[in-house]
Every structure is written in structure tokens, then in C-alpha cells.
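If you read the protein sequences in the order shown, they are chains A and B.
Using the UniProt record's numbering, the first residue of the first sequence is number 1, and each one after it goes up by one.
Using the UniProt record's numbering, the first residue of the second sequence is number 1, and each one after it goes up by one.
To be clear, the hints were calculated from the coordinates, so they are not data collected in a lab.
Heads up, none of these hints are tricks.
Only pairs whose alpha carbons sit at most 30 Å apart, straight line, appear in this in silico DSS-like list of lysine-lysine: (1) 488(A) / 4(A); (2) 516(A) / 21(B); (3) 11(B) / 516(A); (4) 464(A) / 475(A).
Since the structure is predicted, the reported quantities are computational estimates derived from the model, not experimental observations.
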Amino acid sequence: MLIKLASATVYDPVNGVNAEVRDIYIRDGRIISQPGADETIDEHYDLKGYAVMAGAIDIHTHIGGGKLNLARMLLPEDHRDDPVPATRLTHSGCGHAVPATPTAGYRYAELGYTACFEPAMLPSNARQTHLELADTPMVDKGAYALLGSDDYLLRMLKSGKEQEAINDYVAWTLQATQSLAIKVVNPGGINAFKFNQRQMDIDEPNSHYGVTPRQILTALSRAVHELGVTHPLHVHGCNLGVPGNVDTTLSTINGSDGLPLHLTHIQFHSYGTEGDRAFSSGAAQIAEAVNRNKNVSIDVGQIMFGQTVTASGDTMKQHAAHKHASPNKWIAMDIECDAGCGVVPFKYKDKNFVNALQWAIGLELFLMVDDPWRIFLTTDHPNGAPFTTYPHLIRLLMDKSFRDEQLKRIHPDAAALSTVGSLSREYSLYEIAIMTRAAPAKSLGLQDYGHLAPGAVADITVYKPHRNAETMFEKPEYVFKDGRLIVKRGKVVRVVAGGTHTVRPEYDSGVEKDLKRYFDRYHTMQLDNFRVADSEITDTGINRLIVQPTRARTRS
Amino acid sequence: MIIERSQGKLKVIDACCPRAKSVIEQTPPELQPRVNGKAASLDEAIAAAAGHLKKAERPLLAGLGTDVDGMRAAVHLAEASHGILDHMHGRAISNNMRVLQSRGWMTTSLTELRNRADLVVFVGTDARQFQRFYERAIWPAETMFAPKPAQRQLVYLGNGLKAPTSGAPKGIKSSQLKCPPEQLGELAGAVNAVLLGQPLNNRVASIKPDAIEKLAEQLKNAKYSVIVWAPGELPDDTAEHTIESICNLVETLNETTRSSGFILGGGDGATTATSVSAWLTGYPLRVSFARGYAEYDPVANDTQTLLDDRSVDAMLWLSTLASERKVPAGERKLPTIVIADSEQCLESEPDVFIPAGIPGVDHIGTLIRADSVVSLPLKQVRDIGRTRAADILQAIHARL
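Could you build all of it, start to finish, from the sequences and the hints given here?
Okay, structure coming up:
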């Protein structure tokens, strides 16, 4: 199968291509430089005037796993308003805040996304997460294993186990749970909540283990680095949502010791305590720190106004947030001496001072962080807003006059306190291409993804340029997945399965001896059953494994 | 699980779920597909089943005792045939789910319970139907944080409930407050009221105020209490109120200490069916595809109601987890397809009978545990040529 995308205006930041008119050839799922003279083109697309980018990649989106499934069960009323009937091609489902898995896959593809990463997979819930991801069609998937509140790691830290042993455990976890990266959520805080601690600052010890969040951050970020895993430790820091947490976040950055760190949904961690309401923006300080510390990358976790639901591993903070639940119902769960989860529905209102300022803080971060290679476009779906709001968010970033109009609608005190109105930056298409595909692919170490040079996997999105960026991005003209046309004019025309990205860093298999002893003593399942076998993913017929390389393991 | 094979027979030689043990050690019955009571090939039976579903305007796909793949196939078949999905424990699932959807809850999972609980309060259940619960969660050999398992306080609220004697360590601390099952909600509400500082002047559910105050005190002083309920063991009329009261109590306790609910249930694949339905359709069970998309109605889409009201015109009963549950029937006979691991569910000859394998015995599979967190990979231990329910359902689907 040979496909030609003719005369496309190409945005391919990995290869430094900015709005150059080119032909792209696809053969058998990959981009090639030029077909042989005797080859016939099977499909020809005349793309004169169309913008072409690699398929978009969402580096942080909660699309599968136990807490999402609880959120689905919690909110039938949210689903009722967005029914999705079956078609000749597609399964039925439902949408809005936490869509059914098939609907999530279709809608992501219809927005030009070809890969989505579930950022908080509990190891004890890995099997179910992969089952849900397998039932999410169209896009490639991957998951980050959540560590840092598991009793096994805390016992290691308490007993002063050396870094090498921690590295073995982290590598084992990555393999046993079929993960791509490691996430830490409120480091140690989920565990501390089980001992009835209600808040935890970065240097505050766990009442049982005496271990601090900073020790956990250091141990895990070193482990990820020394194991050669490309994506840095993915950090949901301490004190999410707490006014004044800007100091915690700055302390996290400053304490990173030059080790790579990805700070996720940083908007929720950029709050000051100034002003009459003791709630202010810390975005300028955070942006300055991110600009200065090249080892740090972030994603924003922009909030958008409207109904959504927050689903997080951070039971400590979710329990505290339940007083704002709207509608007033919520879930918290302690899980398997591993972690936990909290599900709290939220309605962000533009006339609410705090919500309005949260919205502005997110935009300030987008506009003040200089390097689009280190800031990724996310709403922390569904926590800040459903991913379906991305086209609107892109317009906010690309169109100052539109942004100013929206600013007039929010709580006037929040608008007055924010610098958004004075920031004139408008993102270019090239920068959008960086932050939504090139940079996430690079950060995650997805070889052959996120760019359009020969050899790349042919995940490609074609947009019809429009002066309204929201119009342009909400309905791609064409989307190709692995070289097959899957979406035309914003509608699915072919259903494909996608695969699951993983890494396989090496570890000393001796680690399993102690793990087995631990499981036999304390757990309610056996170590052998804990591990998700390759065949559980590959034998389904609706998923496959894509193993990404790691650098050679180094010793500390 | 360790299984030994000698002289063509399987024997389980270590501790495991007694139901699994009995199924594995039995000599499997000879079973053949049947259409209208007559032996048929698998292909003929599948064609006949598809014929009934094609003719039906509103089929019911019920029982749903199956693994993840079986449930995936059942959801897709219900979608394609505009059918309705309900599980054999649909009433218990829905009573519980309605509380989740009205107020949410704080719960815990099995390993947390095992390692942390210093006080376990059983409401309307003594968990004896869940045979390995005590061994795995209440009285394990050791725990990470909780006092020694024998020191764990066990309190039973209800009638005729007590800790089992077999397997119990010496010197266990258990007590009971006698309470009619219909009044458990009032009792939990009274404990909550005491914790909220409201004076209790009269008996509640015939229990003296000081006994209720003592329980409130125990809960308040516990570091990590767990309140256990089994939705299927609560009286249908008052289950929702009871569960809601327990959840209110847990929420109050968490203002000052830690406490969690624990839901006992999920048997016969109930949690698996509910979870798969939730991710594929957005809703837990009871779901109807009558209008081409999933609609959730935990009251209307009840198997027995649908059969009695004649709101469905065909039924597919799926039961492959060695359940003793009989195929239900309404007054009027409907075209009935039974896909099951044995004939023990049959009370009369269905129009189509298709034998299917048991996940974890006849084929590999995955089941989701009652706490909705952990899922278990199941192995194959014998090969007697039984087909997977998922394959049967997909084959029927392909013929629609």
C-alpha cells in the first residue's frame, strides 16, 4: 500500500520543518523518502493549503483504570446527556467527563490524536487498566506505574536499602505492570493518609515510616534516571490545590539536583496566598523556575469552565476537596498497601473567584514558559476539563483577542489580579506542533513517533487551516494511524486497534525473592498473579506491545 | 493453587476457593449442545440461538456469570441485538450502586483490610458465605500494622451472626449486637448520631443506648476500622437505606480517624460484569440497548420484572462459573438460550442449550475481584473440549 500526501504544508519540529510545502509518502504504515519509479500510488491526497503534523500525543490523560471506572459508575447523569449510538463501524458508548472506553478512542482520533498516556496506573490495578486500554480503540496507549506510597518502597527507604535495590524494584515494577514510565502522586501522602495524616509538606515525615516526600522523590527520580528510562519521573507534587503550594513546587524544582523531573498539572501546584482572599497566582515564579531549570518539564492541567469530575490517586487531597464536590457525592478508596484513589465531581465556574483564577493561572503558565519543548498541552483530563476542550484551549493560546474576550467573562477580581491580559504571546502552529506531538514523543522516548521524517510511523493529522484555531483543530480533515486513513472530516471512517508502549529496563531477578516473601506474608494475591504477562496484552487481538528502548543502566 | 493429576483425575492439594476445588475434582459431565431438546452440533446450536435473537425485538441477556472476555462479548451482542443486560445478582448490585450514585463512599480493598484493620464491624453478614475471607483478611498469619489478628476486634450487627469457629485463632475478640436486619440502617444511623454529638434517649432497634454509645466509642478510638456489608445479604427493601447509613457513618468517622467500608460480594462474576459494563458503556449494570445506545435503569431492567412484565421476548442465560442459580422464568414461556457449564441451572429444557467452559478450569481468563481493584489471571487446568463463552457469543453475534 503506497499513499502520497501531495503538496502538504508540513509542520515537523523534530526535523526543523516549519510550514514547508512537501510531499509525504507512506508505505506499509511508515513514512518513506521516495517510492521507486516503477511503483504505483494506491491513494493520492491533494493537500495543497492543508497543514500536516504528526498525530497528536496526550502525555497525561486519565482514560483507563479503576478510579475512572468508579467515576463512570458514579455519574450516570453526566453520561445521560451525551449518549453515543452505535454505527455501522463504531460501538455505542457515552461521552462527556469520563467517556466509555470506545467513545474515548473515537473522540481522541477525531481530534487528531494518535496516542494517549494514562498517567496513574496503580500496580495492583495494572491488569484492569490494560483491559480498559485494550478496549480504547484508534490510538496507541501506555501507562505510568504509580509508586511512592506503596508500603514496599517505604519499607525499603526506612530500612536504608541502597539505591541499586530501589532501582531493581522500580525496573521490576515497570516490567511487571507493562508500564512506560513511573509516576509519583503526593509522594508518600497517600500512604500517610492511611495513618490519618491529613497534610504533608515536602520535608514532613510519614508518621509511621519517618520517610519524607523529598526522600521518595529523590530515590525515584534517581531510579528512573539510572535505569535509563527516557521519561523522567512524572511528579504530582505535594499539596495539590493548597494556597501557598507554589513554595512546595519551587522547593521540589530546586531540590531536584539536576535530575530530570516532569511536574504534571502544574497549574494545581502554582498557588500563592496573597490578596484579600489569600489566594493568588504563583505562575510567574513557577515559569521563571522552569525557564531556568532545563532539567524540568511540565504539563499544565488547564481548567476549563463547566462540569467535570476529578479522579486522582491523591486520597489525602481528594478527601479534603470533597467539601467542594458538585454534585455532592464522592469516592475515596485505600488500595492494596499500594496507593489509593479519590473521585470528586467538580463544576468549575467562571464567576467563582478561585476557579476563574485557576483558569488564568494555567494560561499564565502557558504564556510565560519560554520553551515549548518542555511544556505540554493538557487539561489533566478529566480533572481540569474533558480532553474534548483541547481545540478551545489551543485557540486561547493562539489568539490574543479571543483570549481577552474570554478574560472579560470571568470573575472581575480574578481578571484584575491576573497578568493574562497583559501577555501578548500568541502560539504559532509550529509551537503547537511542538507541544502536542514533537515534545511529548521526545519526552516519552517514543522512537519513530511524533515526527514525519522517513522511517517514522505514519501517524499523521491533516488540518484545514482556519482563522479560528478552534475550528481548525476540532475537525481534522484526515487522520492516519499506522498509515491507514481512520478519520475523515472529523469522523471515524475506519476502526483500528492501536498498541501499548512499554519499556523493559533490566533488573537483577533476585529482587523477586524478597518481593515473593513480602507478597506471601502480607498480600491477598500471589506475586505470580500480580505480574501482567505479555500474552494478556498480545493475545487479545485488540492490542499489541510496542517496546521502547531504554539507555544502558548506570550505577550511582 | 497446586493441582495434581493422577489416573486421569485432578486433585487440588493446597488451599484454594472451595467452589473451584469441588469443580476441578469432579468428573465433568458429558454435555452436548441441544436444540429443542435434541442433540445438535455446536454450529447448529449457534445458528439456532442467533435465529431466536434475530427474531426477538427486545432480548434479555442475563445471568452473565462469565469472565472479562465473556462479558465483553455479551455487551457487544446486547448492543447488536438491542437487548438488555442484567446479572444474576442484579438486585444486590443495583441496591449497592444506587448508594454510590446518590452519595458516594469511602471503601478499602482486601489487602488493606488484612494489614490495617484493628476493628471490623460486620453489618447484616458474618461473611461465612465468603469462605476464604477470614483466612485471607481477618486471621492471616501476620499483618503489617494491625494488632495481631487474634487481637482484632470483631463486632457483628444483626441476628444469628458470629465468627466461624474453624480456622479461628485462640482468644478472638468478637461481640454481637442483636438487630433485626430491616433495622440495621437505623442502628448505623444511631451510631452516627452519637458520634455527631446527639444524645440518645431511647432504644434503637431494641438496643439500649449505652450499647450503641459503646460501639460509637470503639469506632472513634479505632485507628483503622472497617465496616463490612454484603449487599446480597441485606433485605431487598431496606438494603439501600442500610448501606447509605453505613456510608454516612464512615464519612463521619473520617473527620477524626480512619475508617473504610468494605463490600462483600462479586460472586458469580458480578464485579467482573459490572466493571466491564461500566468501561464499555459508561454504566454499571442494568443497561438496555433498546434505542441503539446504552441506557441505564437499575429498576426497570431487572430480570424477574422484565420476565413478569413480558417486556422482553427472548432470553439468553449465561452461567459459566459453576453457579447453582436456576434459570429464571416468567409466567409465559419465552424463547430461551442457555449457555452454561453444566445442566444444574436448568429447570426445564431451553430452546437452545450450549455447554461452555469454566474460566480458570477449561480455559484461561480474567476475573475482577469484589473490591473492584484487583483482577486475577485464570489458568486452564483441563481440556475436555469445552468452548469459551466469549467464542460462543461472538459466533452468535457474527450470525445476526
